[in-house]
Amino acid sequence: MERANRFGISPGFIAVALACLIPLVVRNDYHLRVLNMVLLYSIVALSINLIVGFCGQLDFGRSAFIGLGAYCSAIFMQRFGTPFWIAFLTAGLFCTAVGAGLGVLCRKSTFDYLTLITIGFNEICRLIFLNWQDVTGGAMGLRRVPIPKLFGYAMDTNVKYFYFALVLLAICYVAIRRITKSKMGRAFEAVRDDSIAAAYSGIPVPTYKVINFAVASFFTGIAGSAMVHYTQYASPYNYTLDESIYILQMAILGGLGSLPGSILGTAILVIAPEISRTFYEYRLMFVGLMMVTMMIWAPNGILGKHGIGEKVIGLGRFLPWTKRPALEGGET
Amino acid sequence: MSGVLMRAERIDKFFGGVKALIGVDLEIRRDEILGVIGPNGAGKTTLFNVLTGFSKPTKGKVFFDSHDVTGKPVYLVCHKGIGRTFQNIRLFGQMTVIDNVVVGMHNRLATHLLGIALKLPSTVRKEREAYDKAVRILEYLGLDNVAGELAANLPYGRQRKVEIARALASEPKLLLLDEPSAGMNPQEALELMTLVGGIRKMGPSVVVIEHNMQVVMGISDRVAVLDFGNKICEGSPEEVRNDNRVIEAYLGREEDAGAA
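Line by line, the protein sequences are chains F and A.
Take 220 as the starting number for the first sequence in the numbering used here and just add one per residue.
Take 2 as the starting number for the second sequence in the numbering used here and just add one per residue.
Where hints are given, some of them may not hold.
[To be verified] Stretch by stretch, here's where chain F covers chain A in the computed footprint (C-beta under 8 Å, at least three residues):
hint	stretch
1	13-19
2	94-106
3	111-117
I should point out that these hints are in silico values taken from the structure, not numbers from a laboratory.
These numbers come from a predicted model, not from an experiment.
The beta-carbon is built from N, C-alpha and C at its ideal position, and this holds for glycine as well.
Could you build all of it, start to finish, from the sequences and the hints given here?
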């Protein structure tokens with residue numbers, strides 16, 4: 220159900236409408252570029268939230284899937300000359316297939332082993348990107364990845380790409396939110412909270428782990444595709460374990476289980492290194508410190524249930540899960 | 002035989018050298034409340050685990066509704082119509098109470114990815130019906146005023162009830178309750194038992210593991226007694242209460258008592 224305020228307009232709609240105005244205010248190309256990266260990384264953060272926040276599986280291998288989506292899409296457009304939308308969807312479906320395959324392999328692995336497997340998978344993919352010269356261009360990467368065209372309309376400026384990324388993010392956001400509020404999303408959460416009780420509720424736990432991985436990988440894959448056509452360059456050095464940890468932190472900082480949180484976390488962690496070069500150089504150190512601090516004092520991030528937002532700023536009143544259903548006794 | 006809902010035949014369950022169940026036969030009839038009692042470590046919970054496919058019996062067969070379900074995965078056995086609660090409560094702590102109950106309907110809720118993504122009217126309607134039904138179940142158990150709370154934030158007694166609500170949501174033919182009144186005061190235990198009696202009228206047979214003798218004797222139609230993995234007695238509460246082996250199992254033999 221759409222949450223609507225007393226004017227009958229959903230907050231999401233307002234957010235998108237406001238975001239549409241951004242290019243009118245932000246004229247600087249560099250600033251727009253950063254914002255575009257925020258939008259695209261937000262999709263990745265949402266997909267990682269689906270795995271870590273909703274299904275409770277710790278995944279350190281997301282950047283490998285960005286890479287798979289990016290290379291797949293770039294190769295389809297460059298080598299086979301397919302239109303953008305075919306390359307884009309192929310990237311998503313390819314990642315879904317790989318995600319499902321990986322999911323099947325580790326559907327019965329326990330939490331810690333799954334984490335190790337995803338780290339290993341990330342390394343495997345990185346080495347493939349680096350060494351499969353003929354296909355991935357090796358250490359040189361793929362250069363001059365074509366600019367995407369949709370309906371004969373080339374997205375060749377930052378502003379045009381901004382609107383494309385915004386629409387894409389909005390679609391992914393709505394899709395992921397619907398999934399989380401459906402039977403499937405509840406099954407994910409049930410697996411996260413107690414897999415034995417989930418099985419006794421009739422949920423085939425291993426199957427749902429596979430579905431979760433496959434669905435999330437689809438979103439990661441299309442985000443990877445959208446990124447590579449934006450930067451027009453695929454480098455094997457972009458898809459490393461460091462990168463995976465960094466994007467994992469986006470979801471954690473924003474609050475696991477909170478979709479707006481993922482976007483907020485992404486915005487902070489993409490924009491912060493751009494503001495200060497010092498932060499950029501030490502970003503992994505900061506992230507490490509942040510992770511430790513948050514695990515101890517604020518495991519729920521900024522917008523997660525009982526997270527920093529609710530505790531400190533009093534944002535809690537505005538969040539849906541703090542609303543109590545009306546009691547019969549008359550108190551609200 | 003249509004009167005038998007579930008049948009366990011000569012179940013052995015060994016954990017290495019530990020014989021948790023030895024040649025246990027058990028019949029659960031339709032429309033009955035069967036109490037399972039026994040001293041600590043007698044194998045009661047193991048019996049539940051074997052019946053539901055959670056652990057595979059070393060030997061023996063389990064039939065439910067005339068299907069062989071021996072060693073089948075838990076979710077498949079549950080699809081056939083079994084609901085269960087646990088000795089140490091297992092809830093989905095970070096989900097709301099009502100979502101916990103709706104998860105219980107997982108198998109009854111036929112929605113698919115396309116319907117979810119496009120928000121098809123049929124999907125929306127099914128979801129709404131599921132939540133309406135969950136509200137009715139919560140009302141029945143007196144939990145409707147905490148429907149929006151996170152399950153982890155509820156007090157112990159209410160968490161037990163949420164577990165029962167979740168199990169009921171799947172409309173089971175058989176409900177297995179593992180020590181439902183553990184940790185409750187006598188008043189709460191009594192209330193709970195009235196509730197269990199009411200549940201039977203809603204349809205499912207109930208098997209209840211219980212330590213509280215007063216409670217179990219009060220509500221059960223039949224009682225089975227386990228001791229060191231053997232079923233030592235089965236019958237009406239009166240028969241069981243007067244059975245020498247049962248008295249021995251709980252109180253020890255007279256000469257033992259003398260020696261101790």
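Run through the hints listed earlier and report the numbers of any the structure violates, in increasing order. 1
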